[in-house]
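Visitor: Listed below, chain by chain, are the residues.
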Amino acid sequence: GDSVTQMEGPVTLSEEAFLTINCTYTATGYPSLFWYVQYPGEGLQLLLKATKADDKGSNKGFEATYRKETTSFHLEKGSVQVSDSAVYFCALRRGGADGLTFGKGTHLIIQP
Amino acid sequence: DVKVTQSSRYLVKRTGEKVFLECVQDMDHENMFWYRQDPGLGLRLIYFSYDVKMKEKGDIPEGYSVSREKKERFSLILESASTNQTSMYLCASKGSASNQPQHFGDGTRLSIL
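Those protein sequence lines, which keep their order, are chains A and B. In this text, residue positions in the first sequence follow our numbering: the first is 165, and each later residue adds one. In this text, residue positions in the second sequence follow our numbering: the first is 199, and each later residue adds one.
Derived from the structure by calculation, the hints contain no laboratory data. Quick caveat: nothing in here was measured; it's all calculated off a predicted structure. Take the hints with a grain of salt, since some may be wrong.
To be verified - 27 angstroms max Cα-Cα, derived DSSO-like pairs, lysine-lysine:
(1) K255/B with K268/A
(2) K251/B with K216/B
(3) K224/A with K216/B
(4) K255/B with K268/B
(5) K255/B with K201/B
(6) K268/A with K201/B
(7) K268/A with K220/A
(8) K251/B with K268/A
(9) K253/B with K268/B
(10) K232/A with K268/A
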């Protein structure tokens, strides 16, 4: 079946550091890929998405590129802020109406 | 903005009780979903619905059922609650276009004593 693997953390960085959170997937066909973010006490918010190979999703300084050859969708940000502290989930969806398959989440802590 | 509202943020119930978790969306979305979120396991899909009165099993449907009598409302039912159903439950909705994302509610933290 489908699966998503991501580093679980916690990942602790200093403010203004470069961020990479790795995500790889296993799926049949050509899934859509997503990054969601969950701030403390809140539900999940869509951060960015990519629907086909070589697409780059971007939002709020975060970027991720859909790499079919390596089945990866790594999340990057050039300079993190304390307000980026949250749990980040990588997810895939095979069909338009299908549910999402999530990774286990990566807890990111940014220290001032 | 899409609004997905879950009726309770926190809920405490007893083993064996029948429990209803309610979710309402205001964007006329066809698709609605229920997930549970557990530490170290991420989110797992319980059930989803792509239309009124339609339902599909997700990855972990055992011990749960759902009801979709109206388009805007999707209910998750624990027929006889057990302690292993203590979890955070998240509802989501999505429009019919394939490239649309899912929008999530704030979650219901359910404790079964």
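Visitor: Run the distance test for K232/A versus K268/A: straight-line Cα separation, threshold 27 angstroms.
Guide: Within the cut-off at roughly 21 angstroms; holds.
Visitor: Against the 27 angstroms threshold, does the CA-CA distance of K255/B and K268/B hold or violate the hint?
Guide: Holds, at about 19 angstroms.
Visitor: Run the distance test for K251/B versus K216/B: straight-line Cα separation, threshold 27 angstroms.
Guide: It holds: about 21 angstroms lies between the C-alpha atoms, which stays within 27 angstroms.
Visitor: Measure nothing beyond the straight line between the CA atoms of K268/A and K201/B; if it is 27 angstroms or shorter, mark the hint as holding.
Guide: The hint holds at about 25 angstroms.
Visitor: Holds or violated: are the alpha carbons of K253/B and K268/B at most 27 angstroms from each other?
Guide: holds, 13 angstroms
Visitor: Hinted pair, alpha-carbon criterion (27 angstroms max): K255/B, K268/A. Please report holds or violated.
Guide: It holds: about 21 angstroms lies between the C-alpha atoms, which stays within 27 angstroms.
Visitor: Regarding the pair K255/B and K201/B, is the alpha-carbon distance no greater than 27 angstroms?
Guide: Holds, at roughly 24 angstroms.
Visitor: Can you confirm whether the C-alpha distance between K224/A and K216/B stays at or below 27 angstroms?
Guide: Violated, at roughly 42 angstroms.
Visitor: Tell me if the straight-line CA distance from K268/A to K220/A falls inside 27 angstroms.
Guide: OK: K268/A and K220/A at ~22 angstroms, within 27 angstroms.
Visitor: If you draw a straight line from the CA of K251/B to the CA of K268/A, is it 27 angstroms or shorter?
Guide: Distance ~31 angstroms between K251/B and K268/A Cα, so the pair is violated.
Hints 3 and 8 from the list above are not met by this structure, while the remaining hints are.
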